[in-house]
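2 protein chains.
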Amino acid sequence: MARLNANYYKLAAGYLFPEITRRTKAFLETNPEIKLMKLGIGNTTEPLTATVIEGLHKGVNNLAGIETYTGYGEYHGELPIRTALRSFYKKRNVDIDVEEFFVSDGAKPDSGNIQSIFCTDSRVAVQDPAYPVYVDTNVIAGRSGQFNQDKKLYEDILYMPCTEKNGFIPDPPSEKMDLIYLCSPNNPTGAVATKEQLKLFVDYAISNQAVIIFDAAYSAFIRDPDLPRSIYEVEGAKKCAIEINSFSKSAGFTGVRLGWTIVPFELAIENVKPGDVHKFWMRRQSTFFNGPSNIIQEGGVAALSDKGWKECQELVNYYMKNARIILEGLSRMGLTVYGGTNGPYVWLKTPNNMTSWEFFDKLLYETHVVGTPGSGFGPSGEGFFRLSAFGHSEDIQQAVKSIQDNLRL
Amino acid sequence: MARLNANYYKLAAGYLFPEITRRTKAFLETNPEIKLMKLGIGNTTEPLTATVIEGLHKGVNNLAGIETYTGYGEYHGELPIRTALRSFYKKRNVDIDVEEFFVSDGAKPDSGNIQSIFCTDSRVAVQDPAYPVYVDTNVIAGRSGQFNQDKKLYEDILYMPCTEKNGFIPDPPSEKMDLIYLCSPNNPTGAVATKEQLKLFVDYAISNQAVIIFDAAYSAFIRDPDLPRSIYEVEGAKKCAIEINSFSKSAGFTGVRLGWTIVPFELAIENVKPGDVHKFWMRRQSTFFNGPSNIIQEGGVAALSDKGWKECQELVNYYMKNARIILEGLSRMGLTVYGGTNGPYVWLKTPNNMTSWEFFDKLLYETHVVGTPGSGFGPSGEGFFRLSAFGHSEDIQQAVKSIQDNLRL
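Chains as they are written, first to last, in my numbering: chain A, 77 to 485; chain B, 77 to 485.
Calculated directly from the structure, the hints in this document are not laboratory data.
All values derive from a computational prediction rather than experimental measurement.
Some hints here could point you the wrong way.
Copies of the same chain look alike in the list, so a pair counts if it fits in one copy or across any two.
[Said to hold, decoys possible] With a straight-line cut-off of 20 Å between C-alpha atoms, the simulated EDC-like cross-links for lysine to aspartate or glutamate are:
(1) LYS383 / GLU109
(2) LYS425 / GLU154
(3) LYS101 / GLU175
(4) LYS86 / ASP352
(5) LYS114 / GLU150
(6) LYS114 / GLU143
(7) LYS271 / ASP471
(8) LYS134 / GLU251
(9) LYS114 / GLU404
(10) LYS86 / ASP197
(11) LYS111 / GLU143
(12) LYS438 / ASP481
(13) LYS228 / GLU95
(14) LYS86 / GLU122
(15) LYS134 / GLU311
(16) LYS101 / GLU150
(17) LYS101 / ASP437
(18) LYS355 / GLU95
(19) LYS252 / GLU346
In isolation and in its complexed conformation, chain A is listed as follows (with noise of 0.2 Å):
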């Protein structure tokens, strides 16, 4: 008799977005003539770039040819996107070696995967809140107890706190740990981690002989040069550190689908050899997976020239400006808002010591719009409140104006 995969069942409550789209729709039923503003889900809206539509198109058009036609391709990407890649990551003065790259259809899936080739009885601990993909796989693999309705987290999962007190950015843990994520900038808080923040994980990483995912997908959003867009800018992190990227949110590929993750040949754990890590998710890719798509990765060979990813930066300066019209709008209301200088989201702090559901509610039938539960993210994440900078400027600014006008404080 067939069984399903029990841990399935542990999940809590379901994904946070459905959750938000159910609220929404029941708005709606209710006030169907309504038009709401969506600052909720990170979804880009702007249009691909000139040089990555080409890109795109020249992908396509390679297919056409019997010259030119490509079928399987290399489980971890064609050699241009990953020589790209490396010159990406050599502007930083990071090396990277091409074979070190594994390309894909998106950091979403890399991120949940990657805990696949590690032990089922692995230490996890994330980030409190964070992205929930990395608790939810691990709650499906098993490494978690079931979720304590009280303190709304997994138990067997340890959670760091990131608060306003220690400015999102959490000290590495106490205990000794066997897979760390880390997201930075990050989803949701919007906090970038310093190198100085980093090297305490790194320096934790080797001496535990943990290794640290590190979710750089909104690295792209950085505009202070002295704040670390890879983990590989902190010394000794190509020992403990893999490393996952995304074109979702520099390049709108969010539909498209394209991401890469590294893992350094360097990177070693007591009892395993060098390079077994790496042969491990070489392993995962080639099994599970069959490379990403060849149309795509013309897309993303164009986005990394330097006039795409010029184009691409524009892309990214035309959200940060919609970042600055949500941390401005806010404040000035007296607001306390977070994040939003240095990646695409801000967090604010609930008025009135609201819950973040409480709030969400409120935001939705006060102002009509539409944001993402602090909550959602973890306990930690309780009375904060996201709100996304993708989204058409006029849409934003009308989203703001909205609040202003109307959210009665």
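For chain A, the structure is supplied; the task is to place chain B on it using the hints.
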């Protein structure tokens, strides 16, 4: 201290195709002047059709305009492609709801990941020989014992021998199994199960509360109108079977990446609410995957249009002509060959009781043709050899001629 998933260490001898690459490279190092003819990996070689190319360009152009740009889409694909798939099945009188389709980046990821929604101690049965992904992903998930070097199989996995005697379609197992992988038209044997043969498995699955994972990736290659192209042509199959299919071989999307999986709402197992298998797969996809590429989906919709599918059928005919060339060319030499009439693979019995790898080397060194050793697909593949019909027709003809002229029998 982080540790790796020890199940990876069980994986025997690496994936089949890397070993072929290794031996081929070794040959070329001592014979650099020789041009090899590849009938090994089932990789498409012919350009995409005009309608599909047009669809893909449209997909790219959509992303260039602010009105047509799209970001994140549905985790199981947009409605147009799911509607097109529904119509596609309707032509075979198979009624699938648009919500039962999960469009993905290919049949390989789906056939690899589907096991993860079932519990770790599920008992797995595979056809022997079989596409290595079914076994390898279950080994990695911990459902097997060690690899038995004498028997050339993993302990605790049930291998269902596909032999000359049973026409390469086995009977259902006599033991109670939980997950049963079936592939028809079969890779590697080219055999196609009749409705009656599939009905035996459906009846078995229903009475044992087992789930059939039916890989129909080669269904477009079936010429005989009476053979089932979908397991849902068999009564009762929706109660017990998940079907996986792909645009890879029918539309030339091996490098483009698009496939789909059907999890019927009706699919039910004891102790599990009806619809829960469907819900679990949706949860898996929404947690680990971000939907198939919006650009590629447009290519899929174009392929499924009347004009597009007609063109794709011509592509399929092209490869099936190759299959006939191989079949006829080798029969004429007195070799025993199977498959190749309703699927793109020819399954050759090695002459003189040679092992599959002995014949691989012989074929490589005497005729400069690369094929795939049957033993790489499972112990019952020993003494057989897979030749793929994917390739330019002139190359296939040349390869067959070289075998006829140079193979010393």
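Results for each hint:
1. LYS383 / GLU109: neither (44 Å within a copy, 41 Å between copies)
2. LYS425 / GLU154: neither (45 Å within a copy, 36 Å between copies)
3. LYS101 / GLU175: Between. Shortest inter-copy distance 19 Å satisfies the 20 Å Cα cut-off; intra-copy 46 Å does not.
4. LYS86 / ASP352: For LYS86 and ASP352, only the inter-copy Cα distance (14 Å) is at most 20 Å; the intra-copy one is 32 Å.
5. LYS114 / GLU150: Classified as between: cross-chain Cα gap 17 Å, same-chain 39 Å, threshold 20 Å.
6. LYS114 / GLU143: between (46 Å within a copy, 17 Å between copies)
7. LYS271 / ASP471: neither (35 Å within a copy, 56 Å between copies)
8. LYS134 / GLU251: neither (51 Å within a copy, 53 Å between copies)
9. LYS114 / GLU404: within (18 Å within a copy, 63 Å between copies)
10. LYS86 / ASP197: both (17 Å within a copy, 18 Å between copies)
11. LYS111 / GLU143: between (51 Å within a copy, 17 Å between copies)
12. LYS438 / ASP481: Answer is within: at 14 Å inside a copy they meet the 20 Å cutoff, but 81 Å across does not.
13. LYS228 / GLU95: within (16 Å within a copy, 49 Å between copies)
14. LYS86 / GLU122: This pair counts as neither: shortest intra-copy Cα distance 37 Å, inter-copy 47 Å.
15. LYS134 / GLU311: neither (39 Å within a copy, 46 Å between copies)
16. LYS101 / GLU150: For LYS101 and GLU150, only the inter-copy Cα distance (16 Å) is at most 20 Å; the intra-copy one is 43 Å.
17. LYS101 / ASP437: within (12 Å within a copy, 63 Å between copies)
18. LYS355 / GLU95: Answer is between; shortest inter-copy Cα gap is 15 Å, intra-copy 39 Å.
19. LYS252 / GLU346: within (14 Å within a copy, 41 Å between copies)
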